[in-house]
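*Asks:* Those sequence lines, one after another, are chains A and B.
Residue 255 in the numbering used here sits at position 255 of the first sequence, and the numbers go up by one each step.
Just remember that the numbering used here sits 277 ahead of the position in the second sequence, which is counted from 1.
Which residues of chain A face chain B? A few of them, derived with a C-beta cut under 10 Å, are:
{"#": "1", "residue": "K25"}
{"#": "2", "residue": "L26"}
{"#": "3", "residue": "S54"}
{"#": "4", "residue": "D55"}
{"#": "5", "residue": "E57"}
{"#": "6", "residue": "D119"}
{"#": "7", "residue": "V121"}
{"#": "8", "residue": "S123"}
{"#": "9", "residue": "H164"}
{"#": "10", "residue": "L165"}
{"#": "11", "residue": "A167"}
{"#": "12", "residue": "G170"}
{"#": "13", "residue": "Y171"}
{"#": "14", "residue": "F211"}
Quick list of the computed label-pair ranges, beta carbon to beta carbon:
{"#": "15", "chain 1": "A", "residue 1": "W125", "chain 2": "B", "residue 2": "Q303", "range": "28 to 34 Å"}
{"#": "16", "chain 1": "A", "residue 1": "I156", "chain 2": "B", "residue 2": "K309", "range": "53 to 59 Å"}
{"#": "17", "chain 1": "A", "residue 1": "V114", "chain 2": "B", "residue 2": "Q303", "range": "42 to 48 Å"}
The hints are simulated quantities; they were obtained by calculation from the structure and are not laboratory data.
None of the values given here were measured: they were computed from a predicted structure.
The beta-carbon is built from N, C-alpha and C at its ideal position, and this holds for glycine as well.
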Amino acid sequence: MNLLKVIIVLITCVYSFHTLAAQGKLLATPGVSQVEGSAGGGIVPWAQLAGYASDDEFAVNGFCSRADVTDYSLDVCGAQVNLFNRVEFSYAQQQFDVPALDTQIEQSITSAKVRVYGDIVYSQWPQLSVGVQHKSLEDGTVATLLGAQDTSGTDIYLAASKLHLGAIAGYNWFWNITTRYSDANQLGLLGFGGVDKNKEILFEGSTAVFFSREVAVGIEYRQKSNNLGLGEQDWQDLFIAWMPNKNVSVTAAWLDLGRIAGAEDQTGWYLSVTGYW
Amino acid sequence: MKNVLFLLFLFTLTACTSASKLSLYQQLDGQKGIERLVDSFINQIGNDDTILPYFTHANVAHFRAGFITHLCSITNGPCEYKGDNMVDIHTGMHISERDFNRVVDLLINAMDEQHISHSVQNQILAKMAPLRAEIINI
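Kindly produce the complete structure, drawing on both the sequences and the hints.
*Replies:* Structure, rendered in structure tokens:
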């Protein structure tokens, strides 16, 4: 119920401070908050920077998300700062629950993202950003037992995204492609690397159609490496995001996360709320 | 009978194709629709404390006429925009990214007010978006 409290506090704050909020981007164009804390979809970081700051504004956002799959659940809360739509800093705290073993794994993620080129709406070519996510497990016992080499690690990624106005029967079409260089096992919750396993390049993608200014429906895909020999599989989701104004967004998704630590067919639900100042 | 069905099919197909091939100008209800939209837009600007100051020294009638012709022209209507180019109009106004997007928001409000469909709105925005580079930060 802590999550619920945080969400309520977030929404209350957002509504009481909405007059101070950065408003310089078009509605829905910043995207939402992904599970590692960066602006993105649900599982993929996107090229957009978090929040509604344009080139002469800053924005501060907070979010909480929960993923509930067959044998596990993940709670994440975090915050992002956007400086002049050029740099994004974010921090996220993940809590991964394994009810069957009565175990919790906690990880903190500190990230930065820099917009290198463009604007997802206006530039001729897609918006491009580079990002880094530094992850650290609070207690690496489980990761080490499973054969991970490290209990902290750093991912770097390059993301490209574009919104095509009126592109599909008059509806706006969005896509994002991300390439990540990583050795994280299940986001890092199961540590980093494995025996004779190094970092590799992984592909991630998202695409969505806006059925109105406020509602987007889309899919995501995230390639995963299998460093621990536990048959880690690629992730997918189908999401609907509701962005009724420039102060709040709510995202729901259906997740297919494949095999996690030997448990097959991890499917379930995802809910995420972001507040924008 | 076969021929009749074939003709019917052809007729239906043509009807559907021509329905979807209405120009944006026609889907906006032509000149009258564009005039209503521009009037709504001017009304939106008039009520916006951030954007109104940009129009302090503007001739509203001139802006109205110019924007109507411009919209008519980019929606493939029977007009040719011969007014000042975007760079000349906006030089010295120092329009920020934020204020540009606010004007887009006001235009969307005006299109909503005129009950213009979501897909027609997007196609109009798609025609105007490339002009941004000739408008902001100059």
